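Place chains Y and Z on chain R using the hints.
Order-wise, the sequence lines are chains R, Y and Z. According to our numbering, the stretch in the first sequence is residues 294 to 578, in order. According to our numbering, the stretch in the second sequence is residues 57 to 208, in order. According to our numbering, the stretch in the third sequence is residues 7 to 266, in order.
FYI, nobody ran anything at the bench for these hints, they're computed from the structure. None of these values were measured; they are calculated from a predicted model. Backbone N, C-alpha and C define an ideal beta-carbon position, used for all residues, glycine too. Careful, some of the hints might be misleading.
Unchecked claim - Facing chain R, from chain Z, some residues (calculated, C-beta under 8 Å): (1) GLU132; (2) GLY141; (3) VAL142.
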Amino acid sequence: MLYSESGNGPEIMSTHEHDTPIIDIQGLSFSRSGRKIFRDINMQIPRGRVTAIMGPSGTGKTTLLKLIGGQLRPDSGNVLIDGQNVHQISRTALFTLREKMGMLFQSGALFTDMSVFENVAFPIRVHTDLPDDMIRDVVLLKLQAVGLRGAKDLMPSELSGGMARRVALARAIALDPAIVMYDEPFTGQDPIAMGVLVNLIKRMNKALGHTSIIVSHDIQETMGIADHIFLLSDGMVIASGSPDELKANQTEQVKQFMHGLPDGPVPFHFSDDVMMDELIGEARV
Amino acid sequence: MRMRWVEIMVGFFMVLGLLALIGLALNVSGLKLSDAQDDYSLFARFENIGGLTPRSKVSLSGVQIGEVKSISIDKQRLVAVVELSINADVDYLSADTSAQILTSGLLGEQYIGLSVGFEEDVLKDGDYIADTQSAMVLEDLIGKFLFNKVSE
Amino acid sequence: MTDFLARLGRTLFDRIAATGRAGALIFQSLVAKPTPIVMFPLLMKQIYFVGVLSLVIIVVSGLFIGMVLGLQGYTILVDYGSEQAVGQMVALSLVREMAPVVTALLFAGRAGSALTAEIGLMKATEQLSSLEMIGVDPLRRIIAPRLWAGFITMPILSIIFAMVGIWGGALVSVEWLGIFEGSFWANMQNSVDFQEDVVNGIIKSFVFGVVVTWIAVFQGYDCLPTSEGISQATTRTVVYSSLAVLGLDFVLTALMFGDL
Numbered sequence: 294m295l296y297s298e299s300g301n302g303p304e305i306m307s308t309h310e311h312d313t314p315i316i317d318i319q320g321l322s323f324s325r326s327g328r329k330i331f332r333d334i335n336m337q338i339p340r341g342r343v344t345a346i347m348g349p350s351g352t353g354k355t356t357l358l359k360l361i362g363g364q365l366r367p368d369s370g371n372v373l374i375d376g377q378n379v380h381q382i383s384r385t386a387l388f389t390l391r392e393k394m395g396m397l398f399q400s401g402a403l404f405t406d407m408s409v410f411e412n413v414a415f416p417i418r419v420h421t422d423l424p425d426d427m428i429r430d431v432v433l434l435k436l437q438a439v440g441l442r443g444a445k446d447l448m449p450s451e452l453s454g455g456m457a458r459r460v461a462l463a464r465a466i467a468l469d470p471a472i473v474m475y476d477e478p479f480t481g482q483d484p485i486a487m488g489v490l491v492n493l494i495k496r497m498n499k500a501l502g503h504t505s506i507i508v509s510h511d512i513q514e515t516m517g518i519a520d521h522i523f524l525l526s527d528g529m530v531i532a533s534g535s536p537d538e539l540k541a542n543q544t545e546q547v548k549q550f551m552h553g554l555p556d557g558p559v560p561f562h563f564s565d566d567v568m569m570d571e572l573i574g575e576a577r578v
Numbered sequence: 057m058r059m060r061w062v063e064i065m066v067g068f069f070m071v072l073g074l075l076a077l078i079g080l081a082l083n084v085s086g087l088k089l090s091d092a093q094d095d096y097s098l099f100a101r102f103e104n105i106g107g108l109t110p111r112s113k114v115s116l117s118g119v120q121i122g123e124v125k126s127i128s129i130d131k132q133r134l135v136a137v138v139e140l141s142i143n144a145d146v147d148y149l150s151a152d153t154s155a156q157i158l159t160s161g162l163l164g165e166q167y168i169g170l171s172v173g174f175e176e177d178v179l180k181d182g183d184y185i186a187d188t189q190s191a192m193v194l195e196d197l198i199g200k201f202l203f204n205k206v207s208e
Numbered sequence: 007m008t009d010f011l012a013r014l015g016r017t018l019f020d021r022i023a024a025t026g027r028a029g030a031l032i033f034q035s036l037v038a039k040p041t042p043i044v045m046f047p048l049l050m051k052q053i054y055f056v057g058v059l060s061l062v063i064i065v066v067s068g069l070f071i072g073m074v075l076g077l078q079g080y081t082i083l084v085d086y087g088s089e090q091a092v093g094q095m096v097a098l099s100l101v102r103e104m105a106p107v108v109t110a111l112l113f114a115g116r117a118g119s120a121l122t123a124e125i126g127l128m129k130a131t132e133q134l135s136s137l138e139m140i141g142v143d144p145l146r147r148i149i150a151p152r153l154w155a156g157f158i159t160m161p162i163l164s165i166i167f168a169m170v171g172i173w174g175g176a177l178v179s180v181e182w183l184g185i186f187e188g189s190f191w192a193n194m195q196n197s198v199d200f201q202e203d204v205v206n207g208i209i210k211s212f213v214f215g216v217v218v219t220w221i222a223v224f225q226g227y228d229c230l231p232t233s234e235g236i237s238q239a240t241t242r243t244v245v246y247s248s249l250a251v252l253g254l255d256f257v258l259t260a261l262m263f264g265d266l
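So that you can see chain R by itself, here it is in the shape it has in the complex (with noise of 0.2 Å):
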């Protein structure tokens, strides 16, 4: 475990001692744009475990990843972090709070300024006051745990779309966090890079011990991997349970996104009513 400044870090390390969820979303409501993304959520993301949220495009499944990092202000609602409300706390709280939580971007998003080893070295570099030759033994271990550390050197640009996300992995994992969030790891992977990623993933959560939220809609891979699943729609959550539980919901929603049907509560003709209206209003503008 890597000493980090903050006074919190041993509490919220161990992980297998209590049963509470790590994260306790209460009531969440956010709209952008006038549109209701979230209504009144409730969710209890249980410690050390793969959580999956899964839901069609478009339901704000990114959005939730930045509600929870404190990224985006919630209309009304709590999102308590051990304890911890999310949107309530300090400016240098929330700064100790990021230390704890790694995120996985779609993109990689790995900053295109610096080498590989800079990019995970930076959180490092951020919240910590490691000397430099301890700060390269970490990044090494980190790389070495994803299979890179052979392209410490290379830029981002040098990197195919696998390797970069596995950096990005690297570097969300460079402070050993207790939660690592993964936003559509899965979506437009080659199937061994997928399969890389996917093992990746689920041994990391072992070993480490860490909370794993997979953001995607990506069924086949999800299930495959991840212990409890939040099944979003229309702004609320319609299912929540194991896999197993999941598969033999009978509910229509549930089980047409699960069995992967094109047409059910999800309708395939795009309706004529007033949404239409609202988007086509919007892309005039």
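Chains Y and Z alone, transformed into the frame defined by chain R:
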């Protein structure tokens, strides 16, 4: 090593800017490095200063020895009073030095040309130049010309 | 008709909202600077990208404009027998107007558009979001150094432009057109006042630098995170900057030189 290159180039850039600024100051705007405190003032009254402005040249035999500092009106004699700022090292202007407003070139600017006289005493700070010749006004010249023509 | 008015009104409100966001951006970025230790290398790098890399275009443009001014000036003045005044003509035109304005326009085109594209790309690839999630304020780390680099660099580029231009004018007038070198410089020195002309010119270029950099950085930060959005933002930077520079130039000229 990349950072080193960046630092060197930025330093070079700054130095270039500084040199350009110095160039602008000295060569282009003629900023005087000499101590302005050492310059002394002489005064001259003119009936007509023509196009003379502050900072116009003051020269002796064509060599610039100072500039016009200010122009005002002598309320008693109702003529123009020009304050000349003369370089400190020009301390040999005789007491009977004369000042004339001249023009350089056809469209050129007007400047004050000084001619030294024969007296032993020299002009000091605050002295008035007695012998002055005003600027030539075009209308007067034309009038003179016509007058001469008529009397032929 | 009412539809058109409604759209016009909405556009107006959008612009006003955008101006508000721009104001917030510059205020937050300037007030919250990162610590000097962190800021200095970042600032250096930005000065390199924005200033040093613009040197070539500035020097070449300055040289050619100075030479053209010398040539044209001579052609016009020789009819009045006042060709020795060409030095002062070149110097005054450059120092008062051409250097600040042309430098600003070139800067907007080269450095401004580069800034917008870079920041826009960082937004589109979620690099700015990543920074936030790691706990670093992108305004402090990305935006502020670029703003300060722009503020510092513009006046320097403008001065270099002026000096190179005057030298170019001298080259044409003295070497090729036969103006007496002594009177070229002497006339110039007599008519160019350091405080009135040079300093005012520098003030102008500083104001332009603030405006152009601010616009460039804001457009990048505010753009739609798509490739279309970035290209639109880049275009907007160049257009808005140019208009702003020319408009401000009039205002500043009137204020500074209007009373002469």
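Each hint, compared with the structure:
no.: 1; hint: GLU132; in the structure: holds (4 Å)
no.: 2; hint: GLY141; in the structure: holds (4 Å)
no.: 3; hint: VAL142; in the structure: holds (6 Å)
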